[in-house]
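Go by the hints and put chain A onto chain L.
Protein chains: 2
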Amino acid sequence: MTTTASTPGHPFLDAHAATIEEASEALRTRSYYSRYPGSPSPRVYGEGSAEAGKQAHDAHLGRAFTALDDQPSTGERVGDEVSPYGPTLGVTYPVLDLDVALPAARAAMRAWRDAGPRVRAAVCVEMLERLNKRSFEVANAVMHTSGQPFVMSFQAGGPEAQDRALEAIVAGLAEMERIPASVTWEKPAKGDPIRMQKDYTVIGRGVGLVIGCNTFPTWNGYPGLFASLVTGNAVVVKPHPRAILPLAITVAVCREVLAEAGFDKALVQLAPDRDGGTLAKDIALRDEVAIVDYTGGPGFGAWLETEAVAAGKLVYTEKAGVNTIVLDSTDALKPMLGNLAFSLSLYSGQMCTAPQNVYAPKGGIDTDEGQLSFDELADRLATAVSRFTGDDAKAVEVLGATVNDQVRANIAAIGEIAAEGEGRVVLEPRRITHPAFPDAVVYAPGIVAVDVRHEDVYTEERFGPVSFLIATESTEQSLAQLADTVKEHGAMTASVYSTSEDVLEQAREAAADGGVALSENLLGQVFVNQTAAFSDLHGTGANPAANAAYTDSAFVANRFRVITSRRHV
Amino acid sequence: MTTTASTPGHPFLDAHAATIEEASEALRTRSYYSRYPGSPSPRVYGEGSAEAGKQAHDAHLGRAFTALDDQPSTGERVGDEVSPYGPTLGVTYPVLDLDVALPAARAAMRAWRDAGPRVRAAVCVEMLERLNKRSFEVANAVMHTSGQPFVMSFQAGGPEAQDRALEAIVAGLAEMERIPASVTWEKPAKGDPIRMQKDYTVIGRGVGLVIGCNTFPTWNGYPGLFASLVTGNAVVVKPHPRAILPLAITVAVCREVLAEAGFDKALVQLAPDRDGGTLAKDIALRDEVAIVDYTGGPGFGAWLETEAVAAGKLVYTEKAGVNTIVLDSTDALKPMLGNLAFSLSLYSGQMCTAPQNVYAPKGGIDTDEGQLSFDELADRLATAVSRFTGDDAKAVEVLGATVNDQVRANIAAIGEIAAEGEGRVVLEPRRITHPAFPDAVVYAPGIVAVDVRHEDVYTEERFGPVSFLIATESTEQSLAQLADTVKEHGAMTASVYSTSEDVLEQAREAAADGGVALSENLLGQVFVNQTAAFSDLHGTGANPAANAAYTDSAFVANRFRVITSRRHV
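Line by line, the protein sequences are chains L and A.
Numbering follows numbering that gives the first Met the number 0, in which position 237 of the first sequence is assigned residue number 236; successive positions increment by one, without gaps.
Numbering follows numbering that gives the first Met the number 0, in which position 317 of the second sequence is assigned residue number 316; successive positions increment by one, without gaps.
One or more of the hints may lead you astray.
Identical chains blur together in the list; that is why a pair holds if it fits in one copy or across any two.
Only pairs whose alpha carbons sit at most 16 Å apart, straight line, appear in this in silico EDC-like list of lysine to aspartate or glutamate [as the list claims (entries may be wrong)]:
hint, residue 1, residue 2
1, Lys486, Glu287
2, Lys393, Glu504
3, Lys264, Asp69
4, Lys189, Glu287
5, Lys333, Asp13
6, Lys486, Asp286
7, Lys186, Asp535
8, Lys186, Asp263
Calculated directly from the structure, the hints in this document are not laboratory data.
Since we're looking at a predicted model, the values are computed, not measured.
Chain L with its partners taken away, still in its complex shape:
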């Protein structure tokens, strides 16, 4: 092979060397770093960029998405996206011809391999730079497929997704560069030493399949996409049928960059499917496919974790869980309630990281406003959420729209759920009319108070704005429940409020035992549902909610292999 481990002179290499160096250093130290600014302000992204992005998004609507018409296609088109805010998107996408596309993807990997890790990383960063320029267009697409409020669509769907992608790129690069491209090995021996030259070539595993989700098509899709790509694999992106557009734009950008960089566009392809189709399963079992990244419901996730792995595929999943907060005591009651209200309200609890179960002792908690009984705590929390979501026009910018019927069914069932748990609804979910999108189904969160013994009720994931305040015998029991429920049902996040260092220590123990990351006494602008690229891991892979984390070395190290060739010198 014409291995040029770093192909000096590739135009993107110099352009992105500094970014790769900064991001790599941030990953090493886990210090604060962000390449792509989170503020949608015109001072950051330029005057008129928001409007231009909106126009670019609107230009997709009601027509064929032609930027991918150079993909091998069966000739059919699919696309039934309807915005959770109401409007039908009316975009159609070409159906991928797998029998042409997958062999083409496999064949494209050779030149991609020969380019070497550094060039691949630079090409991937170029993709992010261009995606960043299209953040407003992607934000509108994310908003009108996921139902996220606009600012969140922009931040999580644009720059934060791009930062997570950059993190995956440099994490992959670091692992590939753990092994040098070449070494002269010299073993002492009687007489002359034995000298060998050894060359090490990183090869991808095969085609990576990225299965996108409805709620965070880019944020959850990019880590797997870029982790597989940078490590030498081709990627097929199978978006959620109701959230195709953000990933279609993404794939089009990736292909444009690949072509400009002198590589085969077949390295990144989109495989859209109709709602209820079996394409994800079909692709996952194809011989060409070696890696699957999945975010979505536990049913298909479990299938991947049993059937696809048994078929020899490397599978990374993020499914579902019951995120947990333990309230023990606080010296900042109002800020704590404000922080909780935000976490419960943001995107109407439709984040995989949103808290569902809040444990507090029956005897109440100590606060800076004195001892609060359990019922007083329930009322204060309900009031905090009500106030935070009291202004409809402001509230919709936090809540977004409900994404699907399951979420709406969970909301509608809150009374039943409370009855089933012999509990009480301490806060009814409040229907809100969106001032701009009257068809959007928007709800402020509801809260159910139940006793700890009704485990069946609160250990099921209730995706959306229904959460539980659970009365326990003691904080000790709360922490035991945290560990046990996480071990059994999974969780992406856990959080604790306590003024006692002993309790915090026990909470760390419980979190480690359950295998979930812990946030302690969060106040102000840091929320349990948010993780920062380059510093916080998203998920742990240590509990049933997800078998992997963004982005640790386990997420990238297995996506490639190393082939040695050795000879005397």
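Just chain A now, kept in the frame of chain L:
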């Protein structure tokens, strides 16, 4: 948790800091490094050490192995080992009580976790230092379970296994230390920056099960054992029923060190089984078990790769394959033939890395002794092997003894095999009487010449001293066969001889395509069946012979998880 990421002051920390640093540096650079000398000379290991080791081994024979009697046991004992050299070992081992042992292993992991990566690495190195001192004892145990010749038993079973273990330890340490123990994260914000302290705790996945093989109980067992242990897991070692003693000694040493270091011995336990038992399967499916390392036949390997992975276990396998040599041309015919003769003879082809299939063009090959026809090449190779193994007393020190009936059956069937492939036996396997062990079944290698079209005959693994010289249309076809057979049937090694840089380049391409490491024009004291720790990867994980490599980052990075706790500062 009382997390002390590096528990300063642990006595083994200082003792092994330099070793860990040197070995880590060697792994980074892939340069030559060996901690444990391969020479069994008294000048290296001390006067009388060989004799003392032999005595220590002999002292185990014919009695209960009591050093593990502090394990939780069912009260039964097993042990039917018979040396491939003839004598019955007569050692019995306590049967592990899984219902006590596995929960104990799990419980022991907490303090092991809290010790932190550095202390774990130092404790593991202490185990190796003590195993090194017992290399002669282990060598005798390896010899009389595997049938390896003594010097090989010493080198591969002792210091080289210890070096591979050290490599796994520092590879695991490097991955664990990719994430710092703690960081202060500071995000710029309006007004004061947001400051968070984030602590990262490495946690093991669960109990690691190491399933040993008959031929290389320590060399193939140590990487998984120490990779799992250093990353915070407990380990249960399930040795091959015919090769228990080397791993029993190993486990006893590990437990002795654990106890001295202040840890629970339950972190390393031996689970011996009777021949034909199902213990490996039973343990693999236990809830406490998270990781399985396996070396052995493809049948059980395939079960692990389908059933155990579907049950959520992380599985690392090394199974079987057809190792390949391509002969194109040489300017050093005699040294080449000498090198091949050694590779074919060493341990009678019972290494997983031993070549089986040698391809050469029908038209013959160019050499420094002129053009050699295919038949002349066959005769020269046969002669080289015959001469190399001509002196019985010397030959047995290279060949060792055949390890099992399957190997002997393959030898006996050589005529049938040749007939099946319409080929000819160019070298009959020669039965050799071992001067010291008359009951040992020792054979010098046999070679069958066949045409490339008889793929069914030579693509089946014929474990032991039966190899094929395969006549192809051209070197191009030889290389295509290399890539295709490796992709389909797997291989641990591949090798090429050519004076043409073009052919070598094509061979690298074929090896990368097949996913196998390549050795080019090996002569002298470097053999295709041998890999050097810290530099050569053993296997690639990129073809069906093995799903993992010793030791790349993929082999270690997934054995642990990282739990974050974060709070405001």
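### Task
Measure nothing new, just compare the shortest in-copy and cross-copy C-alpha distances for Lys393 and Glu504 to 16 Å and report within, between, both or neither.
neither (38 Å within a copy, 65 Å between copies)
### Query
For the identical chains here, do Lys486 and Asp286 meet the 16 Å Cα criterion within one copy, between copies, both, or neither?
between (34 Å within a copy, 12 Å between copies)
### Task
Please work out whether the CA atoms of Lys189 and Glu287 approach to 16 Å or closer within one copy, between two copies, in both situations, or in neither?
Neither, since 49 Å and 50 Å both go past 16 Å.
### Task
Since the copies are identical, ignore which copy is meant and state whether Lys333 and Asp13 lie within 16 Å (CA to CA) inside a copy, between copies, both or neither.
Intra 50 Å, inter 50 Å, cutoff 16 Å: neither.
### Query
How would you label the pair Lys486, Glu287 (within, between, both, or neither) given a Cα cut-off of 16 Å?
between (34 Å within a copy, 13 Å between copies)
### Task
Measure nothing new, just compare the shortest in-copy and cross-copy C-alpha distances for Lys264 and Asp69 to 16 Å and report within, between, both or neither.
within (9 Å within a copy, 62 Å between copies)
### Task
State whether the alpha carbon distance between Lys186 and Asp263 is at most 16 Å within one copy, between copies, both, or neither.
So Lys186 and Asp263 fail the 16 Å test inside a copy (42 Å) and across (39 Å) alike.
### Task
Check Lys186 against Asp535 for me: Cα-Cα at most 16 Å, and say if that holds within a copy, between copies, both or neither.
Classified as between; 13 Å across copies, 43 Å inside a copy.
The structure does not agree with the numbered hints 2, 4, 5 and 8 stated previously, though it agrees with the rest.
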